[in-house]
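Asker: What follows is each chain in one-letter form.
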Amino acid sequence: MSQPATPPRHPRLRALGLLAPTLLLAACTSSPATPRADAAPPANAPQVTGPLCAALPTGTEPGNPTFLAGQSVDQALRWIPTLTTFEAALRTSGVLTDLPAGTGVTILAPSDDAFAATFSEDNWDDLMTHHTDQLRTLLKAHLITGTHPIGDLSTAGRTTTLDGTTVTVTRTGPTTRLADRADTVCADYQATNARIHIINAVLGPLPVTADGTGHRAH
Amino acid sequence: MRRQRPTLIAVSTLIALTLTTAPTPANAQSAAQPHQVTALTVRQADGYATLAWQPVDGATDYQIERTAVDTSGTPTGAPTIVGIWRPNRQINQQAPTFADAGFNPGDTFQWRVRARTDTTEQPYSDPVTATTTAPWGNPTTPGEQLRTGWETTHAAQYTSDTDEYAYTAAIDALSDRVRVVELGRTVQNRPINMMVIGHPTPAATPEAVAATAPVAINCNVHGNEPGDREACLIMARQLAFSTDARITDLLSRTTVLIVPTINGDGRANNTRGNSTGQDLNRDYSLIRQPETTAYIKMVRDYRPVAGYDGHEFGNSRAGDLPMLPPRHQNVAQPIFDQSQDMIEGHMYAKGAEAGWWACPYGCEGGGNVGLSEETILRNTLGLKNVTNSLLELRSSGGQTRPDEGNTANNRRRKTYSALWTFQQFLDYHRTDRSEILTARTDAIEFQAANTGRLVFRGSRPIPAHPAPHPGDSPPPLDAPPANLILDNAPCAYKLTDAQYNGARTDGPGGVGTTVAQRIAAHGWKVIKTGDGYYVPLNQPERGLIPLLLDPMGVEKLTDGERVHPTITGRRNGPLTVTGFTCAADATINGPVTVRAGAALVATGTTISGPVTATRAAGILIADSTVNGPVQIAATTDAVSLIDVTVAGPVSLTANTTGTDTPLLAGTTIRGPLSCTGNNPTPSNLGIANTVHGPRTNQCAAL
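Residue numbers (this note's numbering), protein chains in the order written: chain Z, 1141 to 1358; chain E, -19 to 682.
Hints listed in this document are in silico derivations from the structure and should not be mistaken for laboratory results. Check the hints yourself; a few may be wrong.
[As the list claims (entries may be wrong)] Counterexamples of contact, computed for chain E against chain Z with all Cβ distances above 12 Å:
| id | residue |
| --- | --- |
| 1 | Thr40 |
| 2 | Thr54 |
| 3 | Pro55 |
| 4 | Ile64 |
| 5 | Pro206 |
| 6 | Arg247 |
| 7 | Gln258 |
| 8 | Glu415 |
| 9 | Ile465 |
| 10 | His672 |
| 11 | Ala681 |
[Claimed, not checked] Sample of chain E residues facing chain Z (criterion: CB under 7 Å; computed from the structure):
| id | residue |
| --- | --- |
| 12 | His15 |
| 13 | Thr133 |
| 14 | Ala136 |
| 15 | Gln137 |
| 16 | Thr251 |
| 17 | Gly253 |
| 18 | Gly257 |
| 19 | Gln313 |
| 20 | Gly385 |
| 21 | Thr387 |
| 22 | Ala388 |
Even for Gly, the Cβ is constructed at its ideal location relative to N, Cα and C.
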């Protein structure tokens, strides 16, 4: 028999690990984080926009935008399927938890495809495991103080990310272009004190190391 | 060695079952238009639906359309092209099938298929409508009702580490068939668990499990490739609770070993490597990391005879399920052949029935992948005489499916294709168990004979599958370069005390385990004599030993000293062995006595006998004949008789070899076999001996 265990960095989760079997048995079809089917959508249900939105949880599916609007930002990021790389990096680096309590934040969140097109796997693992400072700088290039709808950002025409970089924001038809290199693919997710705009390219200063073939050997 | 298999095989009884041919009555009556697809059927299975139809003459390809509908058949979504089937993608050119996946299991859909002639779209077939199979397990039956985090979130989230531990612990608690054991811990102290699954209960000890010829699935070595892991967790529930005769039968014949997450730290951080950045699938021979060490010790103790290693693959020109056998040229031919049979003989044929496109790893534009690094589990297992394959799940939609990015539907397609593969893997073991075991026996006897050249890097060729074939290009040839071939294999490697026991820096935090510990984890026999530690090559893992201990090794542990045979050809008169003596292809006319503290290693040798060893350090004989009695007593380090013919009695008495198990395997004894007072108890590695006289005491079952 194994003992459920967790790494030392997350001692809080130990209790969850022991609790979870009961939950699984008692309510197997509804994990604790699953939205209640009978929860009434708030009147101001978030309207996400962009070509990727339809492929993400919609309607009453687990992880739908209305449900996420009531979640903390780190929880909301976990629910968006295409943000696994970005979400893990934010969590590993601790950048979000370093923000002053109560600070609103806007997140320009590159998709997994965007990361795969930017960093080789070796490069990415190196950043994640050995170069926390570079990683934090990279991530700060995707964070903006305050909760900003994408329309407000494009109206302003420019914004400044936490790494101090000025980023141009231009409305281009149904999507919005940032820093002349990234387009929103699903914008205006809401979470507690946060806005999340999914973008299709990585911002920030680090060089492209992906070779473009996607031939990651086993 | 690829065998022709019957193309019509009963559909797995696990796969449940709705065979739907439900066009509306009006459509059913309509005469087919020219070039219209006819006879469209859909068959539901776990997480996918197999569409099949009558091929259209002259079709370039076919488009598969799916529309979400409600229970009355009214569309609730837009029609979507979910697949393209082309006649060179599977081996069933005359009976097209397509596995549609990437939907919420349990939802209802309507499907249509149309041919295209060049780019001209021909008329759609009549539609068929069916409800897909809901996630496995009755929601009100204890055990069956368990769901993974991935399932409850509708694939929006992968199952977390703590969810996995809770889920597997719940299965363990609710099913007599399942025991969860902890193989070790990751660098960050996450447990590396294994589910040991048998019917009605799994055998109690690793040795007892090994006797059932178990199969092993390594589900998730790269933390950012989690699709196979979810399939493993779902399959574990099916194996634990299904009352299907197929499941209970296969579990009563073998033991299924499932390691959901060897790389829990990498999974939690979504990185390929572990928390130190080490790619664990470049470490299975060197075992510098605790994760790989845990797996290799498991292989040593549980002795799986067949394996799968789950991955995802970023090559968008690949098939659904690229697979590859152990290709390193030091892998014994029977293991390579059996692995190829599993892939091309079984998976290609079954994939063509189910509609999955299994193909050789690499596939189109595969690049320089699928090579001979023994650090890769596929090759490591092959060098440990395990029939096995790599499995890739194509990361994106590729040529045959829409590119959906890392969305829930794409995740479902990957995971349910892995679930299909793993279930087929169990079926292959079930039907071909005797062939797998024969291949393993032949491989171990070949390796222990220590014959033939050694190759340090270089693969066996994978010929293109004969047309019509499931991939346009085989993996790279990867022939061994001349400077990585050693024609004159040594008898053993000799290590100094510093090499064997010295401190190392090649592990996490600059601290590595010793060579002695790693050799022990692999399970190799070592003999200490006065002047060093000898690792003989006449062992089952002969192909792997030089890769870690020879100066020519590309990724080696240390530069061992090659020790060549000291006795070859004909030798007359009594032989008294002192120190380390190696006989190869020799004829020894006379009795052989191995003195206390000495070691005898022999291959391809005929000894008139008797052979007597008392308080020897070690005695390892393989592929040899002894025309007289063999008495081995009070050995201190290692005892091994593999593929030896003994024309007389054999006794193993009071050998005390520490953690090393005495081996007596594939040996013919024309006389009684007696084993008493040995610690550990001798093992036959699952390779039966032929004993003409009585077998007694510890060897009664050998």
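Asker: Now tell me if each hint is right for this structure.
Answerer: The hints, checked one at a time:
1. Thr40: Answer for E:Thr40: holds, closest chain Z Cβ roughly 26 Å.
2. Thr54: Non-interface label stands for E:Thr54: nearest chain Z Cβ at 17 Å, farther than 12 Å.
3. Pro55: 16 Å, holds
4. Ile64: Correct as stated: the minimum Cβ-Cβ distance to chain Z is 19 Å, above 12 Å.
5. Pro206: Not fine: 9 Å to the nearest Cβ puts E:Pro206 too close to chain Z.
6. Arg247: 9 Å, violated
7. Gln258: Non-interface label on E:Gln258 violated, nearest chain Z Cβ at 9 Å vs cutoff 12 Å.
8. Glu415: 26 Å, holds
9. Ile465: Label holds. Min Cβ-Cβ 24 Å, cutoff 12 Å.
10. His672: Given a closest Cβ separation of 45 Å, the condition holds.
11. Ala681: 29 Å, holds
12. His15: Violated: closest Cβ of chain Z sits about 32 Å from E:His15, beyond 7 Å.
13. Thr133: For E:Thr133, the interface hint holds, since the closest Cβ of chain Z sits about 5 Å away, which is under 7 Å.
14. Ala136: It holds, given that the least Cβ distance between E:Ala136 and chain Z is near 4 Å, below 7 Å.
15. Gln137: Holds: closest Cβ of chain Z sits about 6 Å from E:Gln137, inside 7 Å.
16. Thr251: 5 Å, holds
17. Gly253: 5 Å, holds
18. Gly257: 4 Å, holds
19. Gln313: 23 Å, violated
20. Gly385: Status holds, d = 5 Å.
21. Thr387: With a minimum Cβ separation of about 4 Å from chain Z (threshold 7 Å), the hint on E:Thr387 holds.
22. Ala388: Result: holds, 5 Å to nearest chain Z Cβ.
When held up to the earlier numbered hints, the structure conflicts with 5, 6, 7, 12 and 19 and fits the remainder.
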